[in-house]
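Enquirer: Protein chains in written order, with my numbering: chain A, 807 to 923; chain B, 807 to 923; chain C, 807 to 923; chain D, 807 to 923; chain E, 807 to 923; chain F, 807 to 923; chain G, 807 to 923; chain H, 807 to 923; chain I, 807 to 923; chain J, 807 to 923.
Hints listed in this document are in silico derivations from the structure and should not be mistaken for laboratory results. A virtual CB, placed ideally from N, CA and C, is assigned to each residue, including glycine. Hints may be right or wrong, so weigh each one.
[To be verified] In silico DSS-like links for lysine-lysine, alpha-carbon gap of 25 Å or less:
| # | chain 1 | residue 1 | chain 2 | residue 2 |
| --- | --- | --- | --- | --- |
| 1 | G | 868 | I | 865 |
| 2 | B | 868 | H | 865 |
| 3 | I | 865 | G | 865 |
| 4 | C | 865 | E | 868 |
| 5 | A | 868 | J | 865 |
| 6 | F | 868 | D | 865 |
| 7 | I | 868 | G | 868 |
| 8 | B | 865 | H | 868 |
| 9 | B | 865 | H | 865 |
| 10 | H | 868 | B | 868 |
| 11 | A | 865 | J | 868 |
| 12 | C | 868 | E | 865 |
| 13 | J | 865 | A | 865 |
| 14 | C | 868 | E | 868 |
| 15 | D | 868 | F | 865 |
| 16 | E | 865 | C | 865 |
| 17 | A | 868 | J | 868 |
| 18 | I | 868 | G | 865 |
| 19 | F | 868 | D | 868 |
| 20 | D | 865 | F | 865 |
[As the list claims (entries may be wrong)] So the derived label-pair ranges between C-beta atoms look like this:
| # | chain 1 | residue 1 | chain 2 | residue 2 | range |
| --- | --- | --- | --- | --- | --- |
| 21 | C | 883 | F | 876 | 51 to 57 Å |
| 22 | H | 813 | B | 818 | 48 to 54 Å |
| 23 | B | 891 | E | 826 | 38 to 44 Å |
| 24 | F | 865 | G | 826 | 46 to 52 Å |
Protein chains: 10
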Amino acid sequence: MPARPSRQLVALPNPHPGRDYQVRCSTPEFTCVCPRTGQPDFATVTIVYVPGDSIVELKSLKLYLWSFRDEGTFHEDVTNRVLDDLVAAVAPRRITVTTEWLVRGGISTTVEATHPA
Amino acid sequence: MPARPSRQLVALPNPHPGRDYQVRCSTPEFTCVCPRTGQPDFATVTIVYVPGDSIVELKSLKLYLWSFRDEGTFHEDVTNRVLDDLVAAVAPRRITVTTEWLVRGGISTTVEATHPA
Amino acid sequence: MPARPSRQLVALPNPHPGRDYQVRCSTPEFTCVCPRTGQPDFATVTIVYVPGDSIVELKSLKLYLWSFRDEGTFHEDVTNRVLDDLVAAVAPRRITVTTEWLVRGGISTTVEATHPA
Amino acid sequence: MPARPSRQLVALPNPHPGRDYQVRCSTPEFTCVCPRTGQPDFATVTIVYVPGDSIVELKSLKLYLWSFRDEGTFHEDVTNRVLDDLVAAVAPRRITVTTEWLVRGGISTTVEATHPA
Amino acid sequence: MPARPSRQLVALPNPHPGRDYQVRCSTPEFTCVCPRTGQPDFATVTIVYVPGDSIVELKSLKLYLWSFRDEGTFHEDVTNRVLDDLVAAVAPRRITVTTEWLVRGGISTTVEATHPA
Amino acid sequence: MPARPSRQLVALPNPHPGRDYQVRCSTPEFTCVCPRTGQPDFATVTIVYVPGDSIVELKSLKLYLWSFRDEGTFHEDVTNRVLDDLVAAVAPRRITVTTEWLVRGGISTTVEATHPA
Amino acid sequence: MPARPSRQLVALPNPHPGRDYQVRCSTPEFTCVCPRTGQPDFATVTIVYVPGDSIVELKSLKLYLWSFRDEGTFHEDVTNRVLDDLVAAVAPRRITVTTEWLVRGGISTTVEATHPA
Amino acid sequence: MPARPSRQLVALPNPHPGRDYQVRCSTPEFTCVCPRTGQPDFATVTIVYVPGDSIVELKSLKLYLWSFRDEGTFHEDVTNRVLDDLVAAVAPRRITVTTEWLVRGGISTTVEATHPA
Amino acid sequence: MPARPSRQLVALPNPHPGRDYQVRCSTPEFTCVCPRTGQPDFATVTIVYVPGDSIVELKSLKLYLWSFRDEGTFHEDVTNRVLDDLVAAVAPRRITVTTEWLVRGGISTTVEATHPA
Amino acid sequence: MPARPSRQLVALPNPHPGRDYQVRCSTPEFTCVCPRTGQPDFATVTIVYVPGDSIVELKSLKLYLWSFRDEGTFHEDVTNRVLDDLVAAVAPRRITVTTEWLVRGGISTTVEATHPA
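Sequences are here, hints too, so could you generate the full structure?
Expert: Take a look at the structure:
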């Protein structure tokens with residue numbers, strides 16, 4: 807089993823801090839584990855943010871999302887935690903995190919959280 | 807014939823009650839019976855809500871929707887009843903229930919109800 | 807040739823009149839006749855309304871739409887007439903009728919009317 | 807009600823009879839009547855043929871398909887009759903007629919007939 | 807609970823028995839029950855056949871498919887049984903039955919059986 | 807070469823002038839000529855308007871659009887001219903003209919103009 | 807009105823004549839004129855060929871297709887003529903020309919011709 | 807980290823062994839690890855087979871595919887190993903395994919293996 | 807290697823400066839180089855603007871976008887620089903530049919900047 | 807300007823040489839230069855092959871395709887050269903290379919070559 811990657815998000819200086827502009831990062835490669843059944847869950851994660859003084863370094867974002875691979879966590883919880891971690895790391899002016907989960911029990915679930923609310 | 811499943815929706819504590827965020831659950835696996843003809847009807851049910859102190863437990867939601875399988879009910883009525891039951895069970899800050907019904911008499915019908923209106 | 811069906815829309819009591827909710831009925835099975843050329847025209851008709859004290863009975867809606875089959879009428883006119891007839895029959899709180907016509911002279915036409923405007 | 811149009815298919819000389827080539831005509835504007843219920847049925851009709859000495863004149867094809875508007879006929883029957891009429895009118899080297907009918911009783915039906923079989 | 811509908815498929819005389827042609831009937835309104843868990847399963851059923859002396863009457867097909875609503879049966883089994891019943895009822899020259907099941911355990915399953923093999 | 811068709815848009819009386827409703831006409835059959843290179847350009851033209859006392863007669867609209875076939879004109883210019891001509895001809899309460907041009911130099915261009923702005 | 811472009815297709819040496827490989831050229835920018843009504847017709851033209859000793863120079867192909875802009879010609883005829891002209895110009899080992907015409911009289915027409923048949 | 811699930815595929819008796827029919831199972835929930843970089847890879851796995859005396863039990867298939875979650879393996883290798891394991895477990899008359907991998911280095915890779923070849 | 811094209815955007819007089827209207831230019835043909843790895847990056851660039859006294863000449867826009875082909879630049883930076891250059895060249899009343907980048911590290915990135923913010 | 811990457815394709819041992827199976831690699835990230843105009847061209851490249859004793863190492867394939875970035879080459883030529891280079895590097899049992907080029911002069915071009923023919 808591969809070593810668990812770092813959960814450290816890296817912030818880079820925003821090259822155009824004087825303007826409100828929007829960055830969108832999306833990946834279908836998110837997986838974690840259901841805390842009840844221990845079975846894998848799969849989601850597409852989409853992050854839309856308006857940077858403040860920093861932007862997210864893309865490779866650290868990839869490693870950060872990978873770090874949930876073996877962690878048991880509920881859909882609603884992990885979405886809000888990713889939001890909180892990004893707010894802490896890059897202090898965006900506005901940010902939305904959306905997770906779209908593959909079907910469980912015939913039901914597709916999507917969770918979307920925004921900061922500031 | 808399988809026993810009728812429970813119509814009891816289970817509420818779990820919202821892990822992030824301090825933030826308004828949105829949960830969307832959708833399933834194409836809803837069926838009930840036309841109260842006039844006794845024939846089966848089929849719908850996709852979509853629930854979008856902003857949790858208050860509780861979130862809906864997914865397995866109980868599945869069983870709840872299943873419980874309409876043998877019940878005769880009109881499109882407009884069942885949509886509002888699902889909305890009322892979810893409001894009673896988890897007291898969301900805002901919730902919309904949408905039902906998209908398969909073709910009857912050449913006509914596709916969709917019903918959408920929101921609380922608070 | 808089949809007898810012309812009734813143009814009588816049937817109103818049923820709204821089972822949830824205390825809430826503003828939305829019903830959408832759509833059918834690709836509308837045909838009438840061009841009043842100039844006598845040639846058939848084809849359209850998809852979509853009705854979106856918020857019921858007041860009544861909802862439209864689905865079978866009467868089907869027969870009502872069928873009743874235009876041999877009638878010569880312009881796109882703009884028939885759209886507004888269907889809107890007027892539905893307002894008269896079920897007194898919705900808000901209603902939009904949209905007709906999407908198949909290509910004539912290389913041009914696709916759509917007409918959309920709302921009450922109250 | 808408009809007069810019933812002619813059911814006469816017009817044949818034009820094939821401008822390139824020395825080569826086997828294929829013509830495809832398709833229209834979503836076909837309607838006839840269910841011989842049991844008297845209710846309208848709707849279909850997309852597609853004709854694919856390799857012309858012999860003649861091609862079908864397009865306007866006559868349109869009028870021909872229109873001529874079924876008030877006729878009661880089963881899906882399987884009308885498909886084979888259109889095929890037979892086209893074979894009689896333009897003697898194609900090979901021809902397939904396909905009718906794709908809108909949903910009845912929750913079921914979509916398509917009929918496809920070829921000559922020679 | 808509605809009464810279980812008849813499982814009797816009705817055969818009508820083929821109006822064009824002299825020609826091999828193809829009929830395709832498809833419906834997303836099939837549901838039965840998992841024999842292990844007792845939970846509902848949902849499928850789209852598609853039937854493609856070349857009629858012999860008979861065609862399937864559409865309303866009886868609808869009732870026939872409806873009759874599985876409360877029956878516990880595996881995907882592979884019910885597909886073959888529908889095929890067998892249609893062969894027995896209308897003796898087609900060639901027939902394929904396909905069932906496309908909604909996701910279970912993250913897996914989508916399709917079963918396709920043909921007679922004669 | 808065919809004669810240049812009339813550029814005269816015909817206005818018909820609006821059958822329902824008491825209500826604000828919307829008409830949308832769209833055609834992929836627009837072509838003109840690049841005023842620099844003399845090469846043909848192709849566009850889909852879409853007109854969305856709320857009629858005042860008049861509606862546009864469809865055949866005159868088709869001939870009007872056809873009349874640009876041999877004219878050299880820039881994308882931005884012709885879009886605004888079509889808008890001006892329609893305003894002059896039928897005095898709509900509100901109108902938007904959109905032209906979507908096929909790729910030139912690897913770039914797809916769309917122009918959209920509205921009156922009143 | 808722009809001058810009529812040359813109808814001369816230019817052949818370039820095939821850089822890999824020792825191998826049968828396939829080239830496909832497709833454009834939605836074809837227009838000619840209906841020989842009966844004088845009205846413009848529009849088509850997507852697709853050419854698929856296996857080159858022999860020559861390939862078609864792309865700019866000459868564009869000018870060649872443009873040259874039909876003011877010519878009155880039937881769908882079936884022009885498709886075969888384009889095929890003949892390409893055979894004459896570049897002597898491909900195998901070639902198919904397909905024209906997909908926009909709707910006329912509610913009917914979409916496609917013509918496809920191949921050499922050698 | 808969850809315990810590694812069993813890699814034991816379970817065979818059930820084929821309920822209709824007298825007929826060649828086809829079963830298709832597909833899931834977007836496959837993940838393993840790149841043996842070079844240790845980074846996760848993601849794929850959609852599709853299995854199409856004609857059962858012999860056995861069919862694959864669906865839950866064991868889900869657990870089997872899950873068991874690769876922490877294993878380092880190349881795309882080409884794991885595809886063939888899944889094929890071999892299924893051949894060993896249920897001895898199908900014919901089987902194809904396809905894996906469609908998400909983008910790596912800008913390249914999408916798909917591997918497809920069939921037994922017997 | 808081709809010479810680096812000019813980065814000079816050409817402004818043409820706006821033919822209809824009295825009206826606020828919108829122009830949209832989009833191309834999938836943008837490529838530059840990652841300043842960290844030196845590897846090529848690919849994006850679709852979309853520019854939507856309301857012209858003031860000038861419009862962008864299309865050929866100069868193509869050459870301008872081409873000029874980034876060998877330049878190392880981050881996604882966020884180049885998007886804002888294209889916006890700044892267009893503002894400087896044609897002084898639009900309002901403009902948005904969007905870049906949609908192909909997948910890197912499993913993540914798709916889009917950047918969108920608007921002036922005035 | 808970045809240094810030109812190596813054009814050396816790396817062959818890895820085929821882990822399952824005893825079976826004919828198929829690998830498909832596809833990327834929208836191919837660009838080269840038109841040998842006539844010096845302008846960039848863009849294509850999606852798709853490689854489908856049945857490996858013999860070797861498979862293509864993915865990273866070397868990426869670098870190989872990148873190496874054409876500054877080279878002037880015709881569509882038909884580069885497609886056959888990529889095919890020849892892959893045949894030389896990994897000696898596949900069967901291989902097809904397809905290039906789908908973005909629009910030039912209103913025409914989309916695709917080239918497809920196979921070895922052995």
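Enquirer: State for each hint whether it applies.
Expert: Each hint, compared with the structure:
| no. | hint | in the structure |
| --- | --- | --- |
| 1 | 868(G) with 865(I) | 20 Å, holds |
| 2 | 868(B) with 865(H) | 20 Å, holds |
| 3 | 865(I) with 865(G) | 18 Å, holds |
| 4 | 865(C) with 868(E) | 20 Å, holds |
| 5 | 868(A) with 865(J) | 19 Å, holds |
| 6 | 868(F) with 865(D) | 20 Å, holds |
| 7 | 868(I) with 868(G) | 21 Å, holds |
| 8 | 865(B) with 868(H) | 19 Å, holds |
| 9 | 865(B) with 865(H) | 18 Å, holds |
| 10 | 868(H) with 868(B) | 21 Å, holds |
| 11 | 865(A) with 868(J) | 19 Å, holds |
| 12 | 868(C) with 865(E) | 20 Å, holds |
| 13 | 865(J) with 865(A) | 18 Å, holds |
| 14 | 868(C) with 868(E) | 21 Å, holds |
| 15 | 868(D) with 865(F) | 20 Å, holds |
| 16 | 865(E) with 865(C) | 18 Å, holds |
| 17 | 868(A) with 868(J) | 21 Å, holds |
| 18 | 868(I) with 865(G) | 20 Å, holds |
| 19 | 868(F) with 868(D) | 21 Å, holds |
| 20 | 865(D) with 865(F) | 18 Å, holds |
| 21 | 883(C) with 876(F): 51 to 57 Å | 36 Å, violated |
| 22 | 813(H) with 818(B): 48 to 54 Å | 34 Å, violated |
| 23 | 891(B) with 826(E): 38 to 44 Å | 54 Å, violated |
| 24 | 865(F) with 826(G): 46 to 52 Å | 50 Å, holds |
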